[in-house]
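Those protein sequence lines, which keep their order, are chains A and B.
Numbering-wise (the working numbering), the first sequence opens with residue 65 and increments by one.
Numbering-wise (the working numbering), the second sequence opens with residue 317 and increments by one.
Bear in mind the hints are in silico, worked out from the structure with no lab data behind them.
Ideal Cβ positions, reconstructed from N, Cα and C, are used throughout, including at glycine.
Warning: the hint list may mix true and false statements.
Some chain A residues close to chain B (C-beta under 7 angstroms, calculated; not the full set) [stated by the list, open to error]:
(1) 111
(2) 112
(3) 174
(4) 177
(5) 180
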Amino acid sequence: MKQRNYIKMEFPARSVNEGFARAAAAAFAAQMDPTMEELGDIRTAVSEAVTNAIVHAYPDSAGPVQMRLRILEGDLLEIMVRDRGRGIPDVKQAMEPMYTTGGEERGGMGFTIMGSFMDSLRVRSAVGRGTSVTMKKRIKTKAGE
Amino acid sequence: MKVLSSYQNGRLTLRLQGELDHHEAAAALRKISRVMDDYLPRDCVIDMEELTFMDSSGIALILKIARLMAETGGRAWVENARRQPLRVIDASGIDRLIQISTAARS
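Here chain A stands alone, though its shape is the one from the complex:
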């Protein structure tokens, strides 16, 4: 699929970067002229994906988290968040609502939120090698509104 524009960034898995990541994603997506609601959905989904990587990927260190955003043909925004951490043994189980291995400040709703705010969600993971989360959302053109 042809890409029209992209950004790539990498930051250590520190929670202070959660706010930065969603602000950066929103700033990039702004060129697609999204509605306030779409922009809120993008910020929320990015926050969940990046937080998952920060909380779960690296138990003992602040390893690298990569985020890539692409604008694809057909007003499609693709967001990929990837880590090189410990991986998820059972992705299907991890994606079930309320399932969590995090602390009490996480409720196990991350994937549920990502799935309901984006049009598609794909999670790939290999134990010991890392996890990638890829989400897509079509930004509706405002013409004709």
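Dock chain B against the given chain A, drawing on the hints supplied.
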């Protein structure tokens, strides 16, 4: 984010301001737990009028507050939720457990 608290006639009001994410949630919960221990309120209002963003960390925080209140026979609810936090609340389904009211303006 900031948590401002006020107490009157058995009712604790927690005003959440700014953005609530995982980075902010632990400190917010510590502060809220402390305030609850100080006042032992009968009701707890979570006022979200000035909360501009929250992710699922906010859901965990709301549920935790509701649980703490239930332990002492009290109850908690959410008032003045704006559009983005409201969408997260709707997606989570916690509006089946806790009363949620929305902001007049978003």
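The hints, checked one at a time:
1. 111: It holds, given that the least Cβ distance between residue 111 of chain A and chain B is near 4 angstroms, below 7 angstroms.
2. 112: 6 angstroms, holds
3. 174: Hint holds; residue 174 of chain A Cβ to chain B Cβ min 5 angstroms, cut 7 angstroms.
4. 177: 5 angstroms, holds
5. 180: 4 angstroms, holds
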